[in-house]
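Q: Here is how the chains run, residue by residue.
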Amino acid sequence: MLTQHTKLVNEWLERYGVKFGIYKNDKFIEQLFPFDAIPRIIEADKFALLEKGLIQRVCALNLFLKDIYSNRCILRDKIIPEEFVYSSKGFFAECCGITPPKGIYSHVAGIDLVEAKDGWYVLEDNLRIPSGASYPMIAREITRSISPETFEKNKVCENRNYASILSKMLEEVNCGGINVVMTPGRYNSAFFEHSYLAEKMGAVLAFPGDLQVQNGVVYYNKFNGGKQRVGAIYHRVSDEYIDPIAFQQDSVIGVPHLMEAYKKGNVALVNAPGNGIADDKGIYYFVPAMISYYLGEDPILKNAPTYLPFFKEDEKYVLENLEKLVIKDVSESGGYGVVFGSELSKEERNNLRNIIIDNPRRFIAQEVIDFLDLMVLEGEEAVPRKADLRAFVIHGKDVSVWKSGLTRFSRNPNSFVVNSSQGGGFKDTWIISQ
Amino acid sequence: MDNISINRANYLYWLGRYAERVYTTISYLRHFYDEMVDKNPMAYSEFCNRIGIVNKYDNKTDFIKNFIYDETSDISIAYYLNKTYDNGIVLRDVITSKTLSYIQLACNVLNTCHNREEYIIVNLQIVTDHLIGFWGAVDDYILENNARDLIKAGKYIERVELYNRFEENKDIKKATMDRLLRYAINLKMDKNTFQDINFLNITDSSNYEYIKKYIDELSKAEVGQ
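Listed in order, the protein sequences are those of chains A and B. Residue numbers for the first sequence, in the working numbering: 1160 to 1593. Residue numbers for the second sequence, in the working numbering: 779 to 1003.
So here's chain A without its partners, still in its complex pose (with noise of 0.2 Å):
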C-alpha cells in the first residue's frame, strides 16, 4: 500500500532536492515540500467534465487577451470597465498591438479550484507563471517505483508525459531556434521546478546575462565563443522584469531589447507578457461574462460567488458584511493579502473597511466556500483537510489539460489557506482512465 510508503516517499523526493525557496527575515530558506501519500482521485467522468470547463475558460481568457491588446471590443460594449482594466497593474501599454507567435497568449494556464458538494469552483487563473505541475510529476515517478502494485491494480492516467505537452506547445510557437527556459536564479522560490522542467524537456536553463539580442534576434551565447539562435522562451520571470529597456529599468534579471525581438516575431515569449491583466483577482470576476461574450455559451465551471467593491452596490454589501467574507489584495498572491472577515477583531474590520472605502479597486470579497475536506495523513492517522487543485491547461495548436495536477492542502486544521508558502504539503492528482 502507497500510504504505507510516505516517509520513503518523501525522503526520495529530498534526494532529489525537491524543495522551494521562501525568504524569512531577509534570508533564503530551501524547504521541503511535504507529500501526502493519499491522492486525490478525480473519476473519469468528473474529469470530463472538469477538462470541458477549464478549455472553455482558457479560450476565453485567451481571446480576450487578444481582444484587449488589440482592438478592446469588450470594452467599447461596456462588459468590463474601461478603468478597471487600466487601473490593472497586469495591464502592459506596450504590449498593445504585439501579435504574439500563432496568436497564442495563454500558453500555459494554472487554474486553482476548490470542490464543493455542489461541484467544482474556480478560485483563480494564474496566466503569467504558474508554477508546481513539477511536484505532482516527480511524486508520481517515485511512487510508482516504491508501490509499483498501486499503480498496477488502480487505472490511473498516466502523469509522465507534461514535459513532452510543453514542449510540442513550445515547438508549435517556435520561431526558429532552440528552446530555453530562462529563470531568475536559484534563489527564485521556484526554482527547482525550472531547471527539473528543464532537464525533462532537453531545453536550455538560461540564467540572467546567457541570452542576448542582436538585431532584434535572440542568442543563447556559449562559453567557447559560439552563439546559438533561440526560437522560444519559457520564460519564469515575471513580466516586469524580463526586459530592463521595456520595462523595470533597474532589472538585472531580464534581457534588454527581448521585446523588440518579440514585436517583430522572431522568438515566442511563453506565457505572452501582459497576461497579468488577466489574473488579476478583480478581472475574475468577468470570466464567466468573457465565457459569454466570446464563446456565447453557458460557462461550465462556477466562480466563487465574488463582490467588486469598485461596484457601489458590491461595496455596501462588502462593507455590511465584511465578518462573513474572505477579503482579497488584487496584487498579492501565494497566499498573502488574503484575510478572512470572520478572524478579524471589531477594531481590524473597521480599519478594513476604512481601507476598502479608499482603495475599492485594490480588493475583491468572496463568500466563504465550505470545499470538501481531503484526508491527510498525520502519523498513522488520516485527518481531513483543506485542499485546492491546481490544473494544467497547456494552448499550443490544441488546448488540453494535463491528466494530473497539484494538490495541495493546509496542515492547519483551522485554515482554508493551503500554498505551501504558508506551511501546506501536496498530494498527487489520479485522474481514473475508466
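Please note: incorrect hints may appear among the correct ones.
Only some residues are given here: those of chain A computed to face chain B with a beta carbon under 10 Å [as the list claims (entries may be wrong)]:
no. : residue
1   : E1189
2   : D1226
3   : S1229
4   : I1324
5   : V1340
6   : G1344
7   : A1365
8   : V1376
9   : N1380
10  : F1382
No lab work stands behind these hints, which were simulated from the structure alone. Nothing here was measured: the structure is a model prediction, and the numbers come from that model. Ideal placement from N, C-alpha and C gives every residue a C-beta, glycine not left out.
Position chain B against the provided structure of chain A, taking the given hints into account.
A: Just chain B now, with coordinates in the frame of chain A:
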C-alpha cells in the same frame, strides 16, 4: 547540444573542484586521524599546515568536530560540500537529477551527523561512497561532452593541487596530470574563455602548451604554497 554559457562553464568547473576537494581531503583526513588515535594526538597540526589553514583547534576532538562539520567556517568539509551543492543545484538540467542526488545524499549524511552530534570519522565513509556514486553518474548520465570535461578538468586540477600539498608520489601525480591534460585539451578553449571562467587562473595564453606549462609548474611547487 553542448549549449553551455560562460556562467555555467564556471559552475561546472567549480562543481568538479569542490567535489574533489571533499573527496581527497577526506581521504587524507582519514590517514591523519589514524595517527591521532594512538601515535600522535597532534597530527592534525601537520594536516592544517599541509592544506594551508591556521591551526585554531584546541585538541583533536575540537579539530574533528569543527573541521568536518562547522558549515559556518569556510575551511570545513561541510562548507566544501555545501559549495559542491551550490554549484550543482544550478546545473540539474545538464548533470541530471540523478547525478545531483548523490551530492544531496552526501550533504544529508553530514547534516544528520551534525544534528545528532555524532562527530565520528567513520561516518565520512558514507560521504565518500556517495561521491564515488556522483563521479560514476557524471560519466554515465551527462550527455554533453564539454560539460563532463569541464567537471573532470576541475576535479583533476583540485587533485593535483592537493597531491602537491600532501607530497603524493610522483607516479600518482603524473597519472593525475595526464588525465587533467586530456580533459583540458578536449575543451579547446581560447584565451578569453579561460579568463572568463577563471580556469587555472591563466591570464595570458591558451590551450595545450600553457596548460602543460602550468601543470609542470604545479608539479614543482613546494608543499604548503
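Q: What hints, given by number in increasing order, does this structure fail?
A: Failing hints, ascending: 2, 3, 4, 8.
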